[in-house]
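Following the hints, position chain B against chain A.
Read off the chains here:
There are 2 protein chains.
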Amino acid sequence: MSALHIIAPQSGAAFEMNKGDILTVIDPLGQQVSDMVLFNRDDIKEKISSGKTMDFEETILLTKGHFLWSNRSQKMMEIMEDSNGRNDFLLAPCSPETFKIMYNNPGYHPSCLENLNKNLIGYGIELDGIPTAFNIFMNVHFDTTGQLKVLPPTSKPGDLIRFKAEMDLIVGLTACSAEDSNGGTFKPIHFLVTNASFDKHI
Amino acid sequence: MSALHIIAPQSGAAFEMNKGDILTVIDPLGQQVSDMVLFNRDDIKEKISSGKTMDFEETILLTKGHFLWSNRSQKMMEIMEDSNGRNDFLLAPCSPETFKIMYNNPGYHPSCLENLNKNLIGYGIELDGIPTAFNIFMNVHFDTTGQLKVLPPTSKPGDLIRFKAEMDLIVGLTACSAEDSNGGTFKPIHFLVTNASFDKHI
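Line order of the protein sequences matches chains A and B.
When the letters of the first sequence are read in order and numbered with the numbering used here, they come out as residues 20 to 221.
When the letters of the second sequence are read in order and numbered with the numbering used here, they come out as residues 20 to 221.
Don't read these hints as lab results, they were simulated from the structure.
If you're wondering where the values come from, they're calculated on a predicted model, not measured in any experiment.
Check each hint, because a few of them may be wrong.
It does not matter which identical chain is used: a pair holds within one copy or between any two.
Said to hold, decoys possible - Quick list of in silico lysine to aspartate or glutamate cross-link-like pairs, DMTMM-like style, CA-CA up to 25 Å:
{"hint": "1", "residue 1": "K64", "residue 2": "E185"}
{"hint": "2", "residue 1": "K94", "residue 2": "D199"}
{"hint": "3", "residue 1": "K183", "residue 2": "E97"}
{"hint": "4", "residue 1": "K137", "residue 2": "D162"}
{"hint": "5", "residue 1": "K119", "residue 2": "D187"}
{"hint": "6", "residue 1": "K83", "residue 2": "D162"}
Chain A on its own, in the form it takes in the complex (with noise of 0.2 Å):
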């Protein structure tokens, strides 16, 4: 009913799913993060919204049970299955400027917001309409102090998270290009997008 896709490391994917839909993400060898972004299908100008989403669910940490939730204040996604658990919602995904500013490296970088655009733009999606991504498997640490801290992944070979579609949507996902994210090397991701009447018999 669907094949499995695989994003290559330092790249981007960009598709569409149908309400009822879902999506299955997988982290084949571990310790790689991807960056998701959510479009409705009908109207681009409604998007994943880490700040709607943080404030509707109370909490800066989303897994099983969580929605993510857009802009207008409508459920884009809700999170079916998370075998790590371990997300993050705060961080912009990394661009050429991450780089430069934050790594100190003046020359060219692969980033998931340039992966994001190149494979969103089909789709009428501009880079300034890109929204922070939600950070499958990314594992950013913080405390009571507010400080964050960026450590590698805890996903084994193999975890996955798996989402259902709230409404027609385009999304964005990326086998993520920064150093400090993945654990200093970088990995492909797959994914999988199923139907909803195929899902309801596996």
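Below, chain B without anything else, positioned relative to chain A:
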């Protein structure tokens, strides 16, 4: 050089700043939140970004010495002074849906999103273009489980925060309309914009 402006309870304002200008936001009665959004005056697609700010500043809690960054990884403001010291950058502005979903109030309720929209529309900034705000004086508690609790502000009468503009800006500012964020009562917010040359002499 600049008048003191008063934002009435549950309302908002929008205004321009030149690079180098100083904005002072005052809580005259205490325990009152003010949501602030920023746009590049020369290109409103560049705007304040919670994800980029928390990434570059490496903290959830922003105060004196920190910068507020844009979605294009540019500094928009520096926090020069912060007499209270507790602000929030996690939660989206309260919106009509906040009161329907979180307060179970189906009727009309003023909101920061409506008040930002009303005041910013004259600058060509649409509702969907309003990002997660920097929530001055907002007291959102979290622990390492990620769970969020909105508590009354710790700000006392006369507490203030001062920002320096790092680029030419359009600013949206409110006196927040949500019961839980403001200790149950709605108070005004005062603000003042002084220009860089004036500020050197005070």
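Are there hints from earlier that the structure breaks, and if so, what are their numbers? 4
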